[in-house]
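Undergrad: Input sequences plus hints: build the corresponding full structure.
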Amino acid sequence: MGTTTRGRRERLRAETTAEIKKVALELMASGGPDAITLRAIAREMGMTANAIYGYFATRDDLVTTLINNVYTSLADTVDAAWDTAPAQDPAARIQAWACAFRNWALANREGFRLIYGDPVPGYRPPEGGAAPDAALRVCTGITALAAAAWPYAERHYADSDFAWSDFDAGLLDKVRPAFPDLPPSAVALALRIWSHLHGLVSLEIYGHLQAQALSPDKLFREELAQLLRSLSITPQK
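Numbering (my numbering), first residue to last: 1 to 237.
Just so you know, these hints were derived from the structure itself, not from any lab.
It cannot be assumed that every hint is accurate.
Quick list of simulated restraints, FRET-style, between CB atoms [as the list claims (entries may be wrong)]:
hint	residue 1	residue 2	range
1	S73	R43	24 to 34 Å
2	G117	D76	17 to 27 Å
3	T72	A163	11 to 21 Å
4	E10	A188	42 to 52 Å
5	R39	D161	52 to 62 Å
Below, a list of computed lysine to any residue pairs in the SDA-like style, where the Cα atoms sit at most 25 Å apart [what the hints assert, rightly or not]:
hint	residue 1	residue 2
6	K174	A85
7	K22	R124
8	K174	N68
9	K174	S185
10	K218	T84
11	K218	S185
12	K22	M47
13	K174	Q236
14	K22	K174
15	K174	K218
16	K174	P184
17	K218	L228
18	K22	E110
Ideal Cβ positions, reconstructed from N, Cα and C, are used throughout, including at glycine.
TA: Written out as structure tokens, the structure is:
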């Protein structure tokens, strides 16, 4: 009986915790990041504010959990897409990662805004960041795109004058151990690839393409095809 009761309590706690996080993202969607407050969540759920504090001691604890969950979901998604594509086909791998990133963002708009767009006013992340492991995985994933392209694209960057001193030390701490053979110009390429993908997806998430492009999917895929052409990568048949 004791084990059954404890299991029921744990299940109910997990369900309530999941609902709190769901409501927080819904509030952000309708009212912006400053709408995430424990009192507002309690009101939406028909709970007392004190009851919410039994799940999250502070709003910052909740926001940290949200960011960690969302970022980990993104990292899992793009990592799986990368691993599914053939290792000997860099075009397929880059396309798979990029499309997985966009599809995830479209399915998780509030989550995308939380980690890449709208800061929560007054939020103070813990030391090391809210989601250091997931952030590292996404960062190295982006660098892996450049590493896959580098054997084909390197000749275009023979005159590059990038040096390690051109990059943030924190970024280098993430990518150099994972890709020790990549030169500074390849890290710059990773940032340019990221700007292509993130820029277009951000415009779509924030609604800036709606009036201009009737088919954002077609626009994204053409941008991706152009990116591959600029890297001298030909998709395999």
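Undergrad: Now, for every hint given, state plainly whether the structure supports it.
TA: Consistency of the hints with the structure:
1. S73 x R43: 24 to 34 Å: Since the Cβ atoms of S73 and R43 sit about 27 Å apart, the hinted range of 24 to 34 Å holds.
2. G117 x D76: 17 to 27 Å: With a Cβ separation near 20 Å, G117 and D76 satisfy 17 to 27 Å, so the hint holds.
3. T72 x A163: 11 to 21 Å: violated (34 Å)
4. E10 x A188: 42 to 52 Å: Cβ of E10 to Cβ of A188: about 49 Å, so the range 42 to 52 Å holds.
5. R39 x D161: 52 to 62 Å: Given a distance of about 54 Å, which is inside 52 to 62 Å, the answer is holds.
6. K174 x A85: Answer holds: K174 to A85 is near 24 Å, not above 25 Å.
7. K22 x R124: holds (21 Å)
8. K174 x N68: holds (18 Å)
9. K174 x S185: holds (16 Å)
10. K218 x T84: holds (23 Å)
11. K218 x S185: Distance ~30 Å between K218 and S185 Cα, so the pair is violated.
12. K22 x M47: Distance ~15 Å between K22 and M47 Cα, so the pair holds.
13. K174 x Q236: violated (31 Å)
14. K22 x K174: violated (31 Å)
15. K174 x K218: Measuring from Cα to Cα gives roughly 33 Å; hence the hint is violated.
16. K174 x P184: Holds, at roughly 13 Å.
17. K218 x L228: Distance ~15 Å between K218 and L228 Cα, so the pair holds.
18. K22 x E110: Roughly 10 Å between the alpha carbons, so the hint for K22 and E110 holds.
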